[in-house]
Amino acid sequence: MRLSCTVNGRRRVADDVWEGESLLYVLRERLGLPGSKNACEQGECGSCTVRLDGVPVCACLVAAGQAEGREVTTVEGLPALAAARAAGADPRPGAGEAAEPMEHAESMEHAGPTDGAGARREGDPPLAPVQRAFIEAGAVQCGFCTPGLLVAADELIERNPGPTDADIREALAGNLCRCTGYEKILDAVRLAAGRAAAGQE
Amino acid sequence: MDFLRPGDWREALALRAERPGALPIAGGTDVMVEINHGGRRPEALLDLSALAELHALEHEPAGEDPAAPAGRVRLGAAVPYSRVVTELGAELPGLALAARTVGSPQIRNRGSVGGNLGAASPAGDCHPALLASGAEIEAVSVRGTRHIPVDDFYLGVKRNALAPDELIRSVRVPRATGPQQFSKVGPRNAMVIAVCAVAVALHPGRGRVGVGIGSAAPTPVRAREAEEYIAGVLADGDLWERRDPIPPAAARRFAELVAAACSPIDDVRGTAAYRRHAVAVMARRTLGWCWEAHRAGASDPRPEGGAPCA
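The listed protein sequences correspond, in order, to chains A and B.
Here the first sequence stands for residues 1 to 201, where the numbers follow full-length UniProt numbering.
Here the second sequence stands for residues 1 to 310, where the numbers follow full-length UniProt numbering.
Excised from the complex, chain A in its bound form (with noise of 0.2 Å):
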């Protein structure tokens, strides 16, 4: 089946979608977006989480054909979605839709080499601060859980710029490391909380 959405603010098509395929498995290998990482499939681990309509889910779990017309955003988005609030867009779903020309994903037998599809080029917006504030407190190893939480901290922060560590440990509760453990990704969370509220003031 053909499916249409909006990803990360670009109107995104793609063809040839099995039924049962989930959300996780289009946006990785149709659409060339592996940001949202594929480990359980069963959304213990949190690590494919997006936002769909800007509500946190686990991709792994959206059927596919649940996402038809809907907006989803990847960690792919997250620095112009940082941007877009930093300008006073409304970040909620459906608010300033870019009017950009649908991209048609190529087909499976087609598609390049996904490498690098997530390399950052000249000219993007910077880092999210969430981004920047994972890397400066050391908080991620080996990377695999962090797309999922970097998407649920930004979430967290949007919709309560002073949580405190037990909202934090609540709104992360659905993302699993299995590396650096919590200690720094709580003080990434504290520190990006910190400089978002700072700015509001």
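In short, the hints are calculated from the structure, not lab data.
Among the hints, a few may not be true.
To be verified - Short derived list, chain A residues pointing at chain B, Cβ under 8 Å:
| id | residue |
| --- | --- |
| 1 | 1 |
| 2 | 20 |
| 3 | 22 |
| 4 | 57 |
| 5 | 61 |
| 6 | 62 |
Keep in mind it's a predicted model, so treat the numbers as computed, not measured.
Glycine residues also receive a C-beta, built at the ideal position from the N, C-alpha and C atoms.
Given chain A, work out where chain B should sit, using these hints.
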């Protein structure tokens, strides 16, 4: 596999009748796990996630029904747990507490009480609270609507009373008229399938106590003997009015009777003996929390929605 996307509720019911092999999907938090891991290849998915009726949350005023003296909340089958937590803490405190223990924020943003009922796992977190409250399931097909008492809904492990052409439209839960509590055992606060769980609801106006147990029998179960026993103790001592403490011996006996309503098994999450013990402890505690709230005159002892996450 087909992906069926009904445009409205009527079309969903027609598709349900035409395609009995189509698997309904709303939040996907159970269905997609089964598909991702290769265990299930339904001939079609029937996507209910975009139907407005299933996302409606309505408040039905009190009528003649003595089982719902304060009216009911008609909870659309696909309303996500996150809305149950944030919007129903005062009206359905037991269900809101249970919803807060489901999975993680990502899961609570997608999963729903209707999905919990459709899957009918004995470990589903909502079932004990629905049993303690006396909920009804609104099952609809092209043939009409049935209101199935939750007591009659669970037939076996992952089996429920829905006919092949029926969909869950809503669950109608009596608004709380007294304190309610929920307790669940698991290795951590998030992402836990219950080892076992207990919900207690006080119904002071009717002199009743509702008790539901999860994950300790092939289906979620009510603890009827325990309910009747403690209702008798409270009535005999005029405790509802006097608001005196429940005698410790009566609380212990209540806990034994709740444990006796279980028929647990040994499995990877816990042993049968552990489950019986834990159910008794949770029964005593949840009753105690509810009773302390009743004595204090509050309807919800923990309005924040349960234990902090840590």
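query: Taking the least C-beta to C-beta distance, is residue 20 of chain A closer than 8 Å to chain B?
result: holds, 5 Å
task: For the hint on residue 57 of chain A, just tell me whether its beta-carbon gets within less than 8 Å of chain B.
output: Status holds, d = 5 Å.
- prompt: Under the criterion of a CB-CB separation shorter than 8 Å, is residue 61 of chain A in contact with chain B as hinted?
  reply: Since chain B brings a Cβ to about 4 Å from residue 61 of chain A, closer than 8 Å, the hint holds.
query: How about residue 1 of chain A: closest beta carbon in chain B under 8 Å, or not?
result: At about 6 Å, which falls below the 8 Å cut-off, the nearest Cβ of chain B leaves the hint on residue 1 of chain A intact, so it holds.
query: Is the interface hint for residue 62 of chain A satisfied, with its Cβ closer than 8 Å to some Cβ of chain B?
result: Holds: closest Cβ of chain B sits about 6 Å from residue 62 of chain A, inside 8 Å.
- prompt: Do the numbers back the hint for residue 22 of chain A, that is, is its least Cβ distance to chain B under 8 Å?
  reply: Since the shortest Cβ distance to chain B is 6 Å, the answer is holds.
Checked against the numbered hints above, the structure violates none of them.
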